[in-house]
Amino acid sequence: MSEFLSQGGYGAYVWGAYGLTLILLMAEVWQLRRQRRTIFTRLSRMVRLRTRGDQA
Amino acid sequence: MKLFRFSSPASFYPLAGKLIPFFWVLAGLALGIGLYWGLLETPDRLGGTNPQKEYYRIIFIHVPAAWLSMWLYLMLAVWSAIGLVFNTRLSFMMARATAPTGAIFTFLALVTGSIWGHPSWGTWWDWDPRLTSELILFFLYVGYLALNSAIDDHRRGDKASALLAIVGLVMLPIIFWSINCPDPNQCAALHQRSSMSQMEGNILFAMLIMTLGMWMYSFATILTRLRSIILEREGDTTWVKEILEKEA
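Protein chains in written order, with this note's numbering: chain E, 753 to 808; chain Z, -2 to 245.
These are computed hints drawn from the structure, not numbers from a lab. Do not take every clue at face value.
What the hints assert, rightly or not - Rough simulated footprint, nothing fancy, chain E against chain Z, three-plus residues with beta-carbon under 8 Å:
| id | stretch |
| --- | --- |
| 1 | 95 to 101 |
| 2 | 109 to 117 |
| 3 | 150 to 164 |
| 4 | 224 to 234 |
From the three backbone atoms N, C-alpha and C, an ideal C-beta is built for every residue, glycine too.
The whole structure should be built from the sequences, with the hints applied where relevant.
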């Protein structure tokens, strides 16, 4: 296991590259979820406002 | 034509929603197999007379990311061109949705290449033709996104940034041929010429399956982003309101 992690002494390079990739891709997915939630909240608030306006 | 039915945002939105889970499953499978194979089933050395040591395993991210950076740029430019020619809203939205994922893969190709360069070439960075042209590709993505969002009227922003994307296409052949420089004295390339037929089978397999996984990942994120863009831009329409009521 430790042999696997050390990658012949180049572990920092290999895991650095893999770790950075993982972090960036996860950040993208997280940002997409947040973007979608924000749009839903804003649009439904607008719809509510407008229907209230119609009734008045 | 049945195909054109899906060229309207209203009909593509639910279709994209159905496709996204499939792309996530395929991405998970391919990336899982690719990581397992690349890290555990590959030899510790790459190449013949002067082999690269274990650090070469960065290849399983670096090469797929670099390929994707170019293919996604081609997609960005093609959607932009279709948008300009046929004036279709969905094409511009596709282009806009593709750019951030493409920029991320370009950045990853640059940074993982830099990490790989330090142990193998003895330097993090060099103004070599391929590195420089890939960096310009990254700036093109950033420029596209900046221009697209800088203009308030998004129809005008779409058209202006589409032009930039199409002009930037010139970088793709430059990146592609930048390691086959005609005169090595003029521009010494750090990347060695590579050929897939000479690669060890397990390394090649892991690299290709990782590429497939990153493609599937890209489709999933691009379609997710596209759906958000559609909602944002079509917020005033009745079909979006129906979706909001359904999900509320």
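Each hint, compared with the structure:
no.	hint	in the structure
1	95 to 101	holds (count 3)
2	109 to 117	holds (count 5)
3	150 to 164	violated (count 0)
4	224 to 234	holds (count 5)
Going through the hint list in order, the structure does not satisfy hint 3, though it satisfies all others.
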